[in-house]
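*Asks:* Given next are the chains, with one letter for each unit.
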Amino acid sequence: MKAVASDPRFPGFAVCVALFALLLSPLLGPALKKTGGFLLTRGQAPAPSSIKVVDLIPASLSGETNQDSEPFLAIQKDNPQVMVASAFTPNPFSMTGNAPVYVSQDGGVSWALNAITPVQRMTCDITHAMATGESHPRGDLHAGTLDCSSGVTLDESESVDVASSATMSVQSMRGNVDQPFVRALGVSSGDRIYVGVNDFNQANGQTATIDVSLDGGATYKSVPIERRKTAGQDGPSVRPAVANDGTVYAAFFGWRKFDGKTATSDVVVVRDDAAATGASPFQALTDPSDKLPGRVVVKNASIPWSNAPALGQERIGSTLSIAVDPNKSSIVYVGWADKGDKGDIYTLHVRNSADRGVTWSKADLPGTTIHNATNVALAIANNGVVGFLYQQLSAGRWVTHLLQSHDAFTTSQDTVLATVPADQPAEQFLPYLGDYDYLLSVGNEFRGVFCANNTPDFADFPHGVTFQRAANFGARTLNDGAGNLVAISIDPFYFSVPVIP
Amino acid sequence: MRILSVLIRSSFWGAGLLLALCGPTNAAAPQATDNQAMLLGKASIVFSGTVSQLAATSFADVPKSAQTIVVRVDSILKKPAAVSLKRGDSVTVEAKDASAFQEGAHATFYTDGWIFGSGVAVKELGHVLGKVSEPVPAAGSGNAPGQAQGQLSDQELKERMNESDFVVVGRVTDVHKWNARKTKSGSPLHVTEHDPDWREAVVEIQSVLKGARVKGNKVVVRFPNQNDVAWAHSPRFMKNQRGIFCLNRDKATGAPTAKLGSKEVSVYTCLGHGDALPLSEEARVRALLKNQ
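Chains as they are written, first to last, in this note's numbering: chain A, 1 to 501; chain B, 1 to 292.
Simulated from the structure, these hints should not be mistaken for lab results.
On a predicted model such as this, the values are computed, not experimentally measured, just so you know.
Treat each hint with caution, since some may be false.
[Stated by the list, open to error] Cβ-Cβ distance ranges computed for the label pairs, FRET-style:
id, chain 1, residue 1, chain 2, residue 2, range
1, B, M238, A, S150, 43 to 51 Å
2, A, G246, B, Q151, 44 to 52 Å
3, A, T477, B, A55, 37 to 45 Å
4, B, G216, A, N300, 25 to 33 Å
5, A, T477, B, H176, 40 to 48 Å
6, A, G175, B, K239, 28 to 36 Å
7, B, S266, A, A203, 51 to 59 Å
[As the list claims (entries may be wrong)] Keeping only pairs whose Cα atoms sit at most 27 Å apart, straight-line, the calculated DSSO-like set for lysine-lysine is:
id, chain 1, residue 1, chain 2, residue 2
8, B, K42, B, K177
9, B, K64, A, K77
10, B, K177, A, K261
11, A, K291, A, K229
12, A, K257, B, K177
13, A, K328, A, K257
14, A, K339, A, K229
15, B, K42, B, K86
16, A, K291, A, K342
For glycine and all other residues, C-beta sits at the position ideal for the given N, C-alpha and C.
Next comes chain A alone, as it looks inside the complex:
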């Protein structure tokens, strides 16, 4: 049932890839352009075999047609063969059973669905991280989930073995919050967990918050990180990033005005130099304009807010990412989207700081102003190379790019992971692809997840793709494993791309 780029049942596949690449060259033109003096040629791109793209839907769920959008990924760094991915995937056998996650124990080659989250049937937000401080080779998975079965409830939970059938244990829960975003750091004394949340329980509408646990999730402390006057609240995205030395950054949208359609927002970065262990965390960075904690990277950005399809079939309003060099915590990058030029819907920007967030590049880094795009995800590899994952609506297609640079995007390499029709399938709900995708680095790889139309068509995946679910690449159709046709839907895709030298 598996259709694999290198499958011996497709002996002419390498030739096909080359032919497809040739046919697609006008489409992929932007991917091969000269960026910042670095000529990108097909010959310089990693060989197809070194780039891995895998549809996460397992063979035994070949009949599913869900909109499995908004993917996320966690890697067990001490045991990187073990990974956990998630999406808006419902429990496949019960309306009242637990919502599942995808688990890989072989470095992403194969994935299985395991219904272990504490949420009934399907989460309505889920992110997670695997810390290494407590020596569980298939854990510790720390998740932040929203349960929307009756109202919206945040669960912060843990699994010590993601392959077991045990439901994750809930360590903390509360209502009235939005968009949990989990990062974790393993230290010898245990796991430190940082969950960005937009917490409507905070006073004065200063809702940007980091939930901090320094004891593996046994206890959490909610730390408000907004110190300025807001428009009644901050934006939904609150994103932490953790360096190996315990430096913790967080980025958020400080909403200053909101009229229902547009948020006038600052992009703010806070920092803590001691893993948020002190009495007053996240106050290390102040802005020169008002001396308040939180460096304003961009002031009064105009961010469109639409809870209806606005960019193709996708909604827009809060895409934000921050990444810190794991080994040089002075180097930090932030990416966000706002309203760009006239005629543009949503524009991505990336800026950086080399002095622990004190000063920032005045303009977008070269080649990082991306029009009509969303789902920015940044990561920095051990060798300092920055990865910039995004999804762009281009000529009626959703094109998923991974841009890499070792010199702050003066030069860069672009890898197109997928280019799929944007008008199919029809949206089942929002978000269509997700309010985020995700990128991590491990060893000499960037690993990540994105969502896309799952038509089994090699032309849609320039570097090849593996489908676990039953697919006929010749007829470009899906089936249920017994030969019955299955409709196209949105699936989550895992990828691994070698870090450039």
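Given chain A's structure and the hints, the job is docking chain B onto it.
*Replies:* The following block gives chain B in isolation, referenced to the frame of chain A:
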């Protein structure tokens, strides 16, 4: 036997079910058949098969233990449509008591899903030893009877009704936007992607299947109009819609009362998948409520 008759009436694969239940070679006593019917209502994956390995698993993602056995599928009686499972496949079953099985044993397994990877792993809820007759495949469901994606099983519907404050048969007489409290600037109190964009439906009650009688025979029901993932499976109400509605007192909007005419009345919500059912489900609902 009442449960059995409900199941048969309500299931689109009734013919196959009947044959399967009546078909074990070791003819079941009435009590055992009732038990099987109960298991069938509760289980999400039911199949007959032959035990091929003990203390083993059929694919690598499943943790092997003394309780895991591998079963070769002979026929499938019930499964969700999304699940790919067919005759000849090997399934890992986490048995309740693996000592009840020997290699080569035939049994019907009543199970719930567990792990879905290159194969299927399930957890046993119950089993009946012996071979069964081949069930009749249900029309339009492929090679095996498959529960349509999103369809509530009897067990799930029973659980849902248990959690409801009211189950009523009624008609929607009005639908209008409900304006939640807002800030001075006019923006909502909390701006999130999960904003429900509440609507109110006025439901004229024709009969109460569960719960106390309602004064005035009309209730206000709030439901989300937003197509966000949080509310994607919530029922949407339309004027003149008739149906069966599972209602809970409103704990979601922060304003649990509303004006209905000149009266202040309690407000209910209808949020879950399957909380609004067509009138054609009335007999099934009544039977399930009666047998709780």
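*Asks:* Need the status of pair A/K328, A/K257: alpha-carbon distance at most 27 Å?
*Replies:* It is violated: about 36 Å lies between the C-alpha atoms, which goes past 27 Å.
*Asks:* Can the suggested window of 28 to 36 Å be confirmed for the beta-carbon pair A/G175 and B/K239?
*Replies:* holds, 32 Å
*Asks:* Is the Cα-Cα distance between B/K177 and A/K261 27 Å or less?
*Replies:* Judged against 27 Å, a Cα distance of about 19 Å means the pair holds.
*Asks:* Taking only the CA atoms, is the gap from B/K42 to B/K86 under or equal to 27 Å?
*Replies:* Distance ~21 Å between B/K42 and B/K86 Cα, so the pair holds.
*Asks:* Could you check the hint for me, namely that B/M238 and A/S150 are 43 to 51 Å apart, CB to CB?
*Replies:* Cβ of B/M238 to Cβ of A/S150: about 23 Å, so the range 43 to 51 Å is violated.
*Asks:* Please test the hint of 40 to 48 Å on the beta carbon pair from A/T477 and B/H176.
*Replies:* Since A/T477 and B/H176 have Cβ atoms about 44 Å apart, the given range 40 to 48 Å holds.
*Asks:* Under the criterion that the straight-line Cα-Cα distance not exceed 27 Å, is the pair B/K42, B/K177 satisfied?
*Replies:* violated, 39 Å
*Asks:* Given the hint that A/K257 pairs with B/K177, test it: the Cα-Cα distance must not exceed 27 Å.
*Replies:* The given pair, whose Cα atoms are some 25 Å apart, holds under the 27 Å limit.
*Asks:* Given a hinted range of 25 to 33 Å, is it respected by the beta-carbon distance of B/G216 and A/N300?
*Replies:* violated, 52 Å
*Asks:* Does A/K229 sit within 27 Å of A/K339, going by the straight-line distance between their CA atoms?
*Replies:* OK: A/K339 and A/K229 at ~22 Å, within 27 Å.
*Asks:* Check the following: the C-beta atoms of B/S266 and A/A203 are separated by a distance inside 51 to 59 Å.
*Replies:* violated, 31 Å
*Asks:* Below or equal to 27 Å on CA atoms is what counts here, so check B/K64 against A/K77.
*Replies:* holds, 25 Å
Hint compliance for this structure: hints 1, 4, 7, 8, 13 and 16 are broken, all remaining hints hold.
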